[in-house]
Amino acid sequence: MALAEPSSSGRFGEFGGRYVPETLVPACLELERAFRSAWGDPVFRAELDGLLADYAGRPSPLTECHRLSEELGVRVLLKREDLNHTGSHKINNVLGQALLAKRMGKTRLVAETGAGQHGVASATAAALMGMECMVYMGEIDIERQALNVFRMKLLGAEVVPAVSGSRTLKDAVNEAMRDWVATVETTHYCLGSVMGPHPYPWMVREFHTVIGVEARAQCEKLLDGGVPDIVTACVGGGSNAIGIFSGFADTDAELVGVEPAGGAAVGRGVPGVVHGMKSYLMQDEFGQVQEAHSISAGLDYPGVGPEHSFLSSIGRARYEAVTDAEVIDAFQLLSRTEGIIPALEPAHALAWISRDRAALAGKTVLLNMSGRGDKDVGQMMEILG
Amino acid sequence: MVTAAEEGLTIPEAPAEPGVLESALRAARASGRKLLVPYVTGGLGDDWADIVRAVADAGADAIEIGVPFSDPVMDGPVIQEASELALRAGATPVTVFDELRTIDAGVPIAVMTYYNLAFHMGHQRFAESLAAAGVSAAILPDLPLEEVGPWATAADAAGVETVLLAAPTAPDERLPLVCARARGFVYAVGLLGVTGERDALASSSLVIARRLKAITDKPVLVGVGVSNAEQAVEVCAEADGVVIGSALMRRVLEGVGPAGAGAFIAEVRAALDAAS
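Chains as they are written, first to last, in the numbering used here: chain A, 1173 to 1557; chain B, 18 to 293.
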């Protein structure tokens, strides 16, 4: 199977949909129409491809990790999204959305951010295209990602703390949606993951398929026409994972998403509805959404994109969870063996490989290195003393 | 290529007979009265049931009870705070329903909450719990027309009226569909934005009320941004009535208690009566 377009109601199986206030329904419909038209327009595609190449630095390389592979007994290949401009895969999506927003005549972007990577990418795209940008960020995340907050301000964006609820990513999404309800006529909500109401999960996936397309070709070259045994990526909302999965969904490769133990929506959640979508969701016995707890601000999210729920429900992808301690070890392991300091988010996927290395012995694993670790160095300095 | 299985989004036709809430509002309107529906957060403080009775006695035609949810995306700071405090005090749908059963307010009750609480409990169980607690209607602001089917089917079967919101952004062809499916009343969203007080009445409130009144004979109540007696009177030039939430809950959070809450609603009531 290739990853399919969702149904007309925006569903992947039973998941997805468009659970938004009436005020936002016309905007979602308009966005769907505009995306469909742009995505089929060679002029739009050429402009986006041009930006991805000349501004973001695509294609990103595929790196074979010789020393790490030797240490683990597992052949590890990294798709180097960390080398993109702004330091993560997030730029693929925001360049697409900002270009689309301009095409729709919107002058302002709002975005939510957890670790700050999507906020930085949104602020970057807004600066590039001369748009206004406001980024909502949980108060707790603002404290632990001070460097990215400064970056966003430098790029001309306004950073607004989300002070309600858990004061992390979930609440930043609430604030961004509240902003959008009030400003929908001039503003595009630049959602940062494959989540939210239709068409976002589909549209954001399409903007990230470039990861999978490139990786597939690079693997075929390196593996003599073959594909890796396993393709893995970290999953918060799940955009980098769906991006790389999209290149291998029609192969025999096993697809493994790795969630933080404290935010394992697929692993520990049950279906629920929040932020415009039906998907696996961590919630209490009454349906109140629970707070996620993870060392990584980017994965501190109690839900997950609906297509991941679908892929899990049909058994096409499986989802593992790793602890903060395992992530800290993996963060150091990659730095020491390969000279690559990973972001804490993709360090989750490596933590899973490292933990399950006995079962993975001799296999070839492609890992989406979704971001670089510069933003996390301060936090890790405190943890590691 | 595997195509994701389609989940049919059929919207069942609303029952022709008006329910308890709609009948009460139609009767009040027919008597020449403008309709007043205050909003009270369920489970906030020990005296919330007394506040409900006080606003009923002060001249409410029906009362909206908020069942607190962790992620209230349609609500501004005041109702967010009220919800958060109620949740921290241990409020759940079950505790709120239990207490509602004992409140004899003498006017119909509509519950306002978010869809996940109904989805999680199960549509049928949630609808039957509402009915058992004496609740006439439900308002789920994150459940738009396209998604309302499965819930509305269960609610209709349990005799619970599902109030639908009509937004200023809706194109002309959408509003008749919303009105046809709405039960109880049509909740006209007064402005682009979340619940909360505003210094002046948004002109969009009058526009949406006028657009709805032109196409439906169901009661049209404007909510979101109706902040005081003066604004209530102003919007009732077009609308059948108003929902007042944040303006009341701000006072409750400030500690006015049942007497103060009743006094505020009585003031709005008097202004509406004087103007009509």
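Quick caveat, the hints were computed from the structure, so don't treat them as lab data. We put the beta carbon where it would ideally sit given N, CA and C, even for glycine. Honestly, I wouldn't trust all of these hints.
[Claimed, not checked] Derived, one-sided and incomplete: chain B residues facing chain A with beta-carbon distance under 10 Å: (1) Pro32; (2) Pro35; (3) Gly93; (4) Glu98; (5) Ala106; (6) Ile120; (7) Val124; (8) Gln141; (9) Ala183; (10) Ala184; (11) Val211; (12) Glu214.
Taking the hints in turn, this is what the structure says about them:
1. Below 10 Å, beta-carbon pairs count as interface contacts, and Pro32 of chain B has none with chain A, the closest being about 21 Å; its hint is therefore violated.
2. Residue-level restraint check for Pro35 of chain B is violated (minimum Cβ-Cβ distance to chain A is 22 Å; threshold 10 Å).
3. For Gly93 of chain B, the shortest C-beta to C-beta distance to chain A is roughly 7 Å, which falls under 10 Å, so the interface hint holds.
4. At about 8 Å, the closest approach between the beta carbon of Glu98 of chain B and any beta carbon in chain A falls short of 10 Å, and the interface hint on this residue holds.
5. For Ala106 of chain B, the suggested interface contact is broken, since its CB lies about 13 Å from the closest CB of chain A, more than 10 Å.
6. A least Cβ separation of about 21 Å between Ile120 of chain B and chain A goes past the 10 Å threshold, and the interface hint is therefore violated.
7. Taking 10 Å as the C-beta cut-off, the interface hint given for Val124 of chain B is violated, the closest approach to chain A being about 26 Å.
8. Checking Gln141 of chain B against chain A by beta carbon gives a least distance of about 15 Å; that is not within 10 Å, so the hint is violated.
9. The interface hint given for Ala183 of chain B holds, since its Cβ lies 7 Å from the closest Cβ of chain A, which is under the 10 Å cut-off.
10. Proximity of Ala184 of chain B to chain A holds as hinted, the smallest CB-CB distance being about 4 Å (cut-off 10 Å).
11. Below 10 Å, beta-carbon pairs count as interface contacts, and Val211 of chain B has one with chain A at about 5 Å; its hint therefore holds.
12. Annotation: Glu214 of chain B was flagged as interfacial toward chain A, and the flag is violated, the nearest CB pair being 14 Å apart, outside 10 Å.
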